[in-house]
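Chemist: Sequences listed follow chains A and B, in order.
Numbering of the first sequence is given in this note's numbering, commencing with residue 1 and proceeding in unit increments.
Numbering of the second sequence is given in this note's numbering, commencing with residue 406 and proceeding in unit increments.
Because the hints were derived from the structure by calculation, they are not lab data.
For each residue, glycine too, the CB sits at the ideal point set by N, CA and C.
Treat the hints with care, as some may be off.
Footprint (simulated), chain A over chain B, 3 or more residues, beta carbon under 8 angstroms [said to hold, decoys possible]:
id, region
1, 450–462
2, 465–476
3, 485–495
4, 498–506
Protein chains: 2
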Amino acid sequence: MALIVQKYGGTSVANTERIKNVAARVARHRENGDRIVVVVSAMSGVTDGLIKMARDLMPIPTEREMDMLLATGEQTTIALAAMALHSLGVPAISLTGAQAGIVTDGVHTKAKILNITPKQVHAMLDGGHVVIVAGFQGQTSEGHITTLGRGGSDLTAIALTAALKADLCQIYTDVDGVYTADPRVIPNAVKLDEIAYDEMLELAGAGAKVMQLRSVEFAKKFGVIFEVRSSLNDNPGTIVKEETRSMEDVVIRGVSLDKNQAKLTVVGVPDRPGVAAGIFKALAGAAINVDMIVQNVSHGAAKPVTDVSFTVDKADLLKAQKVIQGLKPEIGYRELLTNESIGKLSIVGVGMRSHSGIAARLFETLAGQEINIDMISTSEIKVSVVIDLAKAEAAARAVHAAFLE
Amino acid sequence: MALIVQKYGGTSVANTERIKNVAARVARHRENGDRIVVVVSAMSGVTDGLIKMARDLMPIPTEREMDMLLATGEQTTIALAAMALHSLGVPAISLTGAQAGIVTDGVHTKAKILNITPKQVHAMLDGGHVVIVAGFQGQTSEGHITTLGRGGSDLTAIALTAALKADLCQIYTDVDGVYTADPRVIPNAVKLDEIAYDEMLELAGAGAKVMQLRSVEFAKKFGVIFEVRSSLNDNPGTIVKEETRSMEDVVIRGVSLDKNQAKLTVVGVPDRPGVAAGIFKALAGAAINVDMIVQNVSHGAAKPVTDVSFTVDKADLLKAQKVIQGLKPEIGYRELLTNESIGKLSIVGVGMRSHSGIAARLFETLAGQEINIDMISTSEIKVSVVIDLAKAEAAARAVHAAFLE
Chain A
1 MALIVQKYGG TSVANTERIK NVAARVARHR ENGDRIVVVV SAMSGVTDGL IKMARDLMPI
61 PTEREMDMLL ATGEQTTIAL AAMALHSLGV PAISLTGAQA GIVTDGVHTK AKILNITPKQ
121 VHAMLDGGHV VIVAGFQGQT SEGHITTLGR GGSDLTAIAL TAALKADLCQ IYTDVDGVYT
181 ADPRVIPNAV KLDEIAYDEM LELAGAGAKV MQLRSVEFAK KFGVIFEVRS SLNDNPGTIV
241 KEETRSMEDV VIRGVSLDKN QAKLTVVGVP DRPGVAAGIF KALAGAAINV DMIVQNVSHG
301 AAKPVTDVSF TVDKADLLKA QKVIQGLKPE IGYRELLTNE SIGKLSIVGV GMRSHSGIAA
361 RLFETLAGQE INIDMISTSE IKVSVVIDLA KAEAAARAVH AAFLE
Chain B
406 MALIVQKYGG TSVANTERIK NVAARVARHR ENGDRIVVVV SAMSGVTDGL IKMARDLMPI
466 PTEREMDMLL ATGEQTTIAL AAMALHSLGV PAISLTGAQA GIVTDGVHTK AKILNITPKQ
526 VHAMLDGGHV VIVAGFQGQT SEGHITTLGR GGSDLTAIAL TAALKADLCQ IYTDVDGVYT
586 ADPRVIPNAV KLDEIAYDEM LELAGAGAKV MQLRSVEFAK KFGVIFEVRS SLNDNPGTIV
646 KEETRSMEDV VIRGVSLDKN QAKLTVVGVP DRPGVAAGIF KALAGAAINV DMIVQNVSHG
706 AAKPVTDVSF TVDKADLLKA QKVIQGLKPE IGYRELLTNE SIGKLSIVGV GMRSHSGIAA
766 RLFETLAGQE INIDMISTSE IKVSVVIDLA KAEAAARAVH AAFLE
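Taking the hints into account, I'd like the entire structure generated from these sequences.
Modeler: Set out below in structure tokens:
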């Protein structure tokens, strides 16, 4: 008799029909004799509706009250999910994040889980209930309602799995699992049976949208094995876990393509200590997230100068431009170039650690397609290149074929 | 510096525009230097939407989960109301019923308040905040969310007033206060400056829809003086309080007309002990609320029989008919008559206690209008008659003119 934590996202509970489907799935699992904790998100669209009302009242709603407001979304779903199970004759009970014992810090709208005391969850499970917990939310030790920010419901499921010492955590979503690449771009992409935390982290960081980084980081930290699988069918999904020796036999786990980045190049920056720090401190101060950074060796003899390139989310490009232009008097660079027509192509795999020549093979593959490389950045288990957006999908297909087919 | 509890109902907070109006009103009060606790209902329509979703899942939703679901309605309003105050620069903080320390019994969907420990409310008030409390809800001592049933938000406001020892409780609604009669029926009706709890109770019981009985009963029990007033203007409302000697000078406080009742007469009931009890026990068992009951002396010599008449809500008429028909073999009455075309006209006033001849004057007024009286029922401060529905409004106008103009 296993204890399973199942998490269903907003599209899986978007309306009462889909909630009935979720209930039917939970009921089937329960017939196997398993004890089940269900974590649900707000019905898709509900959170946006609440945010819209809040913005009607003030452009930047106060964060404590935003949490009070948004927490109603998941509370609605847990009650409806419990009713759907009751209508199937399954004993079930709903708990808010606070009732489930999820204690967070006081950073409203992006709180961190401090600890979980799942006394109520245990008691309800012992009473034979399916326990339905509101994802995305908790309360401070003073009793204020908090929310966990983006990907918060995944985090709730994984943290509960750790706190309950559950046997399995299943993250139900609208895809079959984690793929070697985005199947919409690369028809030959295949679903992975398993993937290491670090690979999942690098893929998420490289723009693959399956899960937020923080949930995977939390799972890694606490050794929570979880499965990403579809709520639309019964196919087995992808198991995410600590890397095993056998995983290293696979050189590359996946290819990801991020078309949502823009590149800025600050040309002719004086090559003296503190200049790069000045640039990126200013960007951080404007809350702009910088992804890749490349700086090459300096040129010029008397007054050595260098070029600094970096990428940001396209949405942040204008803001980043303004920040850098504002630094011109202080730094004295020559010019600022920007390019929105780029794609970031990454290959990820823990096998890279034990296999050499991976980067070379990547560059060779791209050269074979007459694709010029703009920027290169590497980590222990990832190589990323920035290339022309127009050629990015063809490049991804060629790289997928070279490494994964 | 007074401490005021203000309650705003669903129509007063129906959308973000109206919530802004409520915030502006609260802000003005605060400028007077008063400390303010605001109790709000769910935005009108929200509760119905939630109930509809629940019924999609099961015809009779489980009550604990219904409370979990419905409590989100008020939680949404408190967060939005706090934001609306913030946008005016007023410090405000929202509290759910549970956070405000409202502890109830475990009778879900119609819980009773057991006690209130408003520690948080006091702390927030001391911190200079307007405190916004979700009406209609509380939690059990085990931490389950409960709701208080119909009129629950009024009850929250009145109970909080008692627990906080507040100076004043204002119930904001869409009418200017309590009238001598329904102004839509009787154009000469005037707003009362004050009314005694008992009068308010009898008027509510007689079909005047200003407030639920239980809130008035609670106010009476704990001596909470409250004012019913409009959220649409600044007119003073009606003060509801313990009766004073001066109130007795007014013979009749108001006239009410209830057109929502139906009459049943069981003809030829054997006049022996336990028969009436059998009838009303059966009706109670079917959860049918009986209002007026009239039984006259028996007739017939050998086997004395009598006629029993009573009124029920029109919506319950068919159900009541079935119950009585089912009793025929057991009781052996002659026939069952029903009449939906009735109106119940009542006059209410604590002054009746010290003035004689009130009932006679009522009957005389009706006789002057050629109106036949079907049933009569009296209490210490109320006289009710059942009359033909077609003549009911004219009768109400004549009675209002005779007693109140």
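Chemist: Next step is simple, just say for each hint if it's right about the structure.
Modeler: Hint check results:
1. 450–462: Held - the region 450–462 of chain B has 5 residues with a Cβ nearer than 8 angstroms to chain A, which meets the minimum of three.
2. 465–476: Answer holds; 8 residues pass the 8 angstroms Cβ test.
3. 485–495: holds (count 6)
4. 498–506: Contact hint for the region 498–506 of chain B vs chain A: holds, 4 residues under 8 angstroms.
Hint compliance for this structure: no hint is broken.
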